[in-house]
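Protein sequence lines, in the order shown, are assigned to chains R and F.
Position 351 of the first sequence, counting from 1, maps to 726 under the numbering used here, and the rest follow consecutively.
Position 51 of the second sequence, counting from 1, maps to 105 under the numbering used here, and the rest follow consecutively.
Calculated directly from the structure, the hints in this document are not laboratory data.
One or more hints might be untrue.
[Claimed, not checked] Simulated crosslink set (EDC-like; lysine to aspartate or glutamate; CA at most 16 Å straight-line):
hint, chain 1, residue 1, chain 2, residue 2
1, R, K800, R, D492
2, R, K659, F, E118
3, R, K844, R, D492
4, R, K844, F, E126
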Amino acid sequence: MSSPWIPAIFIFAYLAVVLYIGIFAFRKGRATGEDFFLASRSIGSVVFFLSLFATNMTAFAILGSSGAAYRLGIGIFGMMATSSCLVIPLTLFFIGTRLWAVGKRFGHMTQVAFFRDRFECSSIGTLIFALTAAMLLPYLIISITGGGIILEALTGGLIPYALGGAIVALVVMGTVFFGGMRGAVWVNVLQTLLFLSFGAIAFVAIGHSLPHGGLAGTVQWMLDPGNNTAKTPPGASSIAAAIAHPATLLTRQRIPWQVFLSFMLIPLSSIMFPHMSIMCFTAKRVTAFRQTVVLYPLCIMLIWLPCVFLGALAFSEPAVTRDMAGGSEQLQTWLEHHGNPQPGAIETTALTGALKNSRDPAAKALLQNVQAHGLEIEAVGPKTTLKGRPAFILLLSHTNDAALKPFIYRIAGTNDSSVLLNLLKLNVTPWLAGILAAGIISAVMGSDCHQILALSTMFTKDVYDYYNKGKQIAESTNVMAGRIFIIVLNSLAYLIALGKPQIFELATTYAFAGFASLSPIMIGALFWRRSTKYGVLASTLWVIAWVLLQIVIGQKHLPPNTVVSHLLGFSISPAGSLGCYGFSPVVPMTIGSAILVWAVSLITPPPSNATVERYFPQAA
Amino acid sequence: MKWFLGFLIVLLVLLHQDFWNWAAATPLAFGFLPLGLSYHIVYALACAGLMGLLVRFAWPTQLESAAPETPEARRAEEGHE
């Protein structure tokens with residue numbers, strides 16, 4: 376059996392199990408909104424923890440983290456993982472438990488329903504609904520895009536992108552359509568166990584196979600002063616700097632301290648994601664949170680640590696870089712338009728110049744080898760035209776010419792989400808790669824199920840049900856509306872995902888900051904009885920303005936370090952977003968949001984006594 | 055006790071910014087783990103410890119007795135009894 380079929384078999388087996396669980400949950404369910412959307416608030420402690428964890432883990436935890444570590448080093452673990460180890464359990468402890476209680480007391484099923492009631496204002500809820508739905512929808516699209524790309528990569532193109540995306544979308548839709556929250560939660564148990572095992576197995580299997588003698592040997596190779604002597608020209612990219620000093624990948628030198636500090640605020644987004652807050656309503660008892668908050672940091676560590684470490688060490692493996700470069704969209708674009716290079720793709724002139732002037736004997740030998748295989752590299756006029764992508768990749772990745780190396784690494788860096796996939800393909804057997812592939816797919820689908828269910832719940836309860844209040848809608852009609860929303864939203868997301876639109880990747884980047892900066896609203900609603908709807912309105916408008924500003928600035932593709940405003944300290948960060956005095960956007964967004972909730976609430980009329988007595992009985 | 059737990063939360067927030075390890079890769083733990091990783095592994099364990107203390111000494115017991123107060127909440131409760 377050919378190797379692309381082996382991962383495909385494991386993945387299809389996994390998807391079949393997921394679908395079966397959804398259908399099994401359907402047979403156990405009842406036709407009430409409470410049961411379909413919240414599993415009748417009956418989830419026990421162990422399942423609650425496993426499901427909540429899967430809800431919050433996206434493909435980024437596995438693929439994105441290793442890609443980021445490939446470029447920026449092990450600091451990614453502290454920046455993204457251990458900040459979450461502290462902040463997410465704290466938000467679950469202080470906010471999640473209170474959300475559960477207000478859901479139990481007043482029957483709320485979404486955070487929008489809670490805000491409407493707490494702030495005695497329908498419009499506030501509608502505005503927050505629109506903002507959160509707009510920030511969550513891109514995740515659905517990204518999940519389908521990610522599923523399609525992963526299935527295509529792991530099966531060596533056997534399952535093309537469009538089919539892979541359709542398979543993931545259909546399985547997720549089927550599971551949620553039939554099983555509702557109960558189906559999603561049961562599937563999550565399997566998913567969490569799968570991707571927790573993934574980290575350990577991948578770490579051992581890949582770690583032993585790394586060049587330079589496994590983990591210890593590779594670390595020593597990267598630290599060796601002999602490999603860290605090259606001078607980096609001023610203004611060199613992070614990739615070029617990594618080639619000159621690979622030891623920096625084992626430190627935090629490549630991450631600005633302002634960015635590292637900023638990421639302490641990002642995990643505040645977790646509890647504000649609608650699918651996470653809705654999960655808090657599903658627990659049978661509040662005691663389900665007890666073991667969740669203790670185990671959460673440990674599980675984050677178990678997943679992120681191997682992925683980040685392997686991502687940083689992957690830099691020492693030329694074959695991984697070569698494969699990443701080969702699959703890079705930038706290279707594909709450049710090759711398609713090599714007569715008319717796209718601005719900002721890669722430095723074509725510099726690259727062709729370096730190629731023409733290279734005197735590397737290894738390059739010459741490879742050139743002869745390439746020509747013997749019928750591929751061409753020919754010089755036309757002042758530029759070099761390359762025919763045959765394999766020749767191009769082969770030439771660059773095997774060269775010892777220091778002038779050429781940064782180009783191949785930079786091209787590879789644009790495709791960094793595939794670091795771990797390439798490490799798998801190169802270092803483990805197809806059978807093991809198949810099992811691990813199911814783990815990766817489960818990470819994609821774990822949160823996807825809840826995102827689509829959360830959107831369906833919000834559309835059904837916060838819009839359809841809310842605006843038809845006086846019409847006595849039957850429970851079964853409510854459930855049917857939820858199922859229709861699932862089909863419509865998922866189909867829409869798939870159609871958009873077919874075009875691989877980059878705008879949605881942009882949107883998800885800002886969504887983290889957006890959700891984090893909404894957290895002062897939740898904190899005010901739960902802990903400060905003086906917080907008012909006007910404070911919440913001001914804060915929400917502030918967040919909307921920032922998200923729109925980020926998207927507008929992001930569309931301009933301004934180069935890093937461009938100063939946008941001297942007065943406000945706005946400049947473009949290395950990641951392409953609008954930073955403020957070197958800090959990530961989440962900092963001004965969250966601080967501004969908190970100040971607005973506080974200041975505007977103080978100068979506007981307080982909530983009614985009846986509301987204060989309901990939500991703050993002890994204070995009343 | 056609650057003040058002490060509050061102090062521990064602030065302490066862990068501060069300890070996350072381990073600027074003194076910024077440029078250091080060594081000493082390696084177990085011969086292969088860079089300092090930046092081993093420090094943050096211990097940090098993650100400390101977070102789990104802190105959460106254990108919060109659950110033990112600051113658990114919001116008043117929430118355990120939360121009961122349905124509105125007709126919608128009561129209907130929901132009756133629906134799955």
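Outcome of the hint check:
no.	hint	result
1	K800/R to D492/R	violated (53 Å)
2	K659/R to E118/F	holds (11 Å)
3	K844/R to D492/R	holds (14 Å)
4	K844/R to E126/F	holds (12 Å)
Hint compliance for this structure: hint 1 alone is broken.
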